[in-house]
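Novice: Sequence:
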Amino acid sequence: MKNVKAVILAAGEGTRMKSPLSKLIHHVYYQSLVEFPARACIESGIGETIVVVGHQADKIRGILGEKFTYLYQKKRLGTGDALRQAVPLLRSFKGELVVLPGDAPFITSSVLIELIHQHRKTKPAATVVTALLSEPGYYGRVIHNGYLGIKKIVESKDASPQEIKVKEINSGVYCFDTQKLLPLLSQLSCNNVKKEYYLTEAIYLFNKRGLKVEALGVDDPTIALGVNTRKDLKRVTQIMKEKKFNS
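Under the UniProt record's numbering, the first residue of the sequence shown carries the number 1, and numbering increases by one thereafter.
Note that these hints are calculated values from the structure, not bench results. Bear in mind that the values here come from a model prediction, so they are computed numbers and not experimental data. Each hint should be verified, as a subset may be incorrect.
What the hints assert, rightly or not - Think about it this way: if two alpha-carbon atoms lie no more than 27 Å apart in a straight line, the pair counts; the simulated DSS-like pairs of lysine-lysine are:
1. K151 - K165
2. K241 - K165
3. K157 - K194
4. K180 - K208
5. K194 - K167
6. K180 - K165
7. K195 - K151
8. K151 - K167
9. K180 - K212
10. K59 - K74
11. K75 - K180
12. K167 - K241
13. K157 - K231
14. K123 - K212
15. K195 - K157
16. K18 - K152
17. K157 - K208
18. K152 - K234
19. K121 - K208
20. K208 - K59
As the list claims (entries may be wrong) - Quick list of simulated restraints, FRET-style, between CB atoms:
21. P20 - R120: 38 to 46 Å
22. S134 - T229: 12 to 20 Å
23. S134 - N246: 28 to 36 Å
24. D220 - K67: 23 to 31 Å
25. P20 - R61: 17 to 25 Å
C-beta atoms are modelled at their ideal positions from N, C-alpha and C, and glycine is treated no differently.
Could you build all of it, start to finish, from the sequences and the hints given here?
Specialist: This is how it looks when you write it as structure tokens:
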């Protein structure tokens with residue numbers, strides 16, 4: 001796919017897994033977690049995929065191989081800071097930027113292609129893949145300002161009593177207008193419970209500047225599932241087995 005780049009955020013330690021291994025190295029149905037988004041990027045035809053690594057970087061690089069460009073996040077200061085590492089490689093890039101987490105076992109090339117096509121059709125500053133979950137738990141909540149328009153994304157730990165009731169969640173998969181995004185990355189704050197630089201704050205900053213942000217809601221909620229705990233890992237492994245069995 002021409003004029004598209006991707007960044008996979010794969011630097012986190014995944015401390016809630018309570019494992020000496022990075023959570024991205026753990027297997028779901030015979031593959032490491034990080035292989036799923038990486039494969040989706042390759043199969044979608046995205047031109048260059050940049051992988052931001054940190055914790056156990058050499059192991060992740062060993063799993064993925066040399067098809068990717070690797071950048072190192074020295075201190076794990078959040079998803080926004082992780083994406084900042086790619087700014088020097090993106091300054092002159094005029095196309096679309098797909099950003100996705102390293103723990104997205106159900107993301108597929110077809111979802112990424114649909115995301116890019118919708119983004120190109122409606123031309124917002126950002127398009128976010130979202131899904132409805134009956135029990136959204138720790139996922140970030142999507143707050144709308146219209147049918148497709150997104151006002152902000154609130155992390156569960158920072159959500160108000162009203163916001164935490166929202167069932168629509170952020171998958172962590174985005175398509176950005178690169179040149180509209182880059183100036184905002186230096187303006188991200190860490191005024192939140194975890195004191196991290198959240199990429200989701202860019203959605204709020206776009207709105208503050210009058211720039212449009214839209215949702216791409218997916219019918220299959222599993223597409224938005226990530227892995228943070230061993231319970232999550234067990235759950236997505238079971239779902240993966242069921243999908244393989246029924247395919």
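Novice: Each of the hints needs a verdict: does it hold here or not?
Specialist: These are the hints, each one checked on the structure:
1. For the given pair, K151 sits about 16 Å from K165 by alpha-carbon distance, which is consistent with the 27 Å threshold.
2. With a CA separation close to 31 Å, the supplied pair K241 and K165 exceeds the 27 Å bound.
3. Of the supplied pair hints, the one linking K157 and K194 holds, its CA atoms being roughly 8 Å apart against a limit of 27 Å.
4. Using a Cα cut-off of 27 Å, the hinted pair K180 and K208 holds, with the two alpha carbons roughly 13 Å apart.
5. Between the alpha carbons of K194 and K167 the distance comes to roughly 22 Å, so the proposed pair stays at or under 27 Å and holds.
6. Of the supplied pair hints, the one linking K180 and K165 is violated, its CA atoms being roughly 31 Å apart against a limit of 27 Å.
7. Our distance criterion of 27 Å between C-alpha atoms is met by K195 and K151, whose separation comes to about 22 Å.
8. Of the pairs offered as hints, the one joining K151 and K167 holds, with about 15 Å between alpha carbons and a cut-off of 27 Å not exceeded.
9. For the hint pairing K180 with K212, the CA-to-CA distance comes to about 11 Å; that is within 27 Å, so the pair holds.
10. As the CA atoms of K59 and K74 are separated by approximately 16 Å, the hinted pair is consistent with the 27 Å bound.
11. For the proposed pair K75 and K180, the alpha carbon gap of about 25 Å is at most 27 Å, so the pair holds.
12. Of the supplied pair hints, the one linking K167 and K241 holds, its CA atoms being roughly 26 Å apart against a limit of 27 Å.
13. The hinted pair formed by K157 and K231 meets the criterion: a straight-line CA distance of about 19 Å does not exceed 27 Å.
14. The suggested pairing of K123 with K212 holds, with an alpha-carbon distance near 8 Å, which does not exceed 27 Å.
15. In summary, the hint linking K195 to K157 is supported, as the alpha carbons are separated by about 11 Å, within the 27 Å threshold.
16. Proximity of K18 to K152 is assessed by CA-CA distance (about 31 Å); at most 27 Å being required, the pair is judged violated.
17. For the given pair, K157 sits about 22 Å from K208 by alpha-carbon distance, which is consistent with the 27 Å threshold.
18. Using a Cα cut-off of 27 Å, the hinted pair K152 and K234 is violated, with the two alpha carbons roughly 31 Å apart.
19. A threshold of 27 Å between alpha carbons decides the hint, and for K121 with K208 the separation of about 23 Å falls inside it, so the pair holds.
20. Simply put, K208 and K59 have alpha-carbon atoms about 40 Å apart, too far for the 27 Å limit, and the pair is violated.
21. Against the hinted window of 38 to 46 Å, the Cβ-Cβ separation of P20 and R120 comes to about 43 Å, which satisfies the hint.
22. At about 19 Å, the beta-carbon gap between S134 and T229 stays in the expected band of 12 to 20 Å.
23. Distance hint check for S134 and N246: the Cβ-Cβ separation is about 21 Å, which falls outside the suggested range of 28 to 36 Å.
24. In this structure the hint that D220 and K67 lie 23 to 31 Å apart at CB holds, the actual value being about 27 Å.
25. The hinted range of 17 to 25 Å is satisfied by P20 and R61, whose Cβ atoms lie roughly 18 Å apart.
Hint compliance for this structure: hints 2, 6, 16, 18, 20 and 23 are broken, all remaining hints hold.
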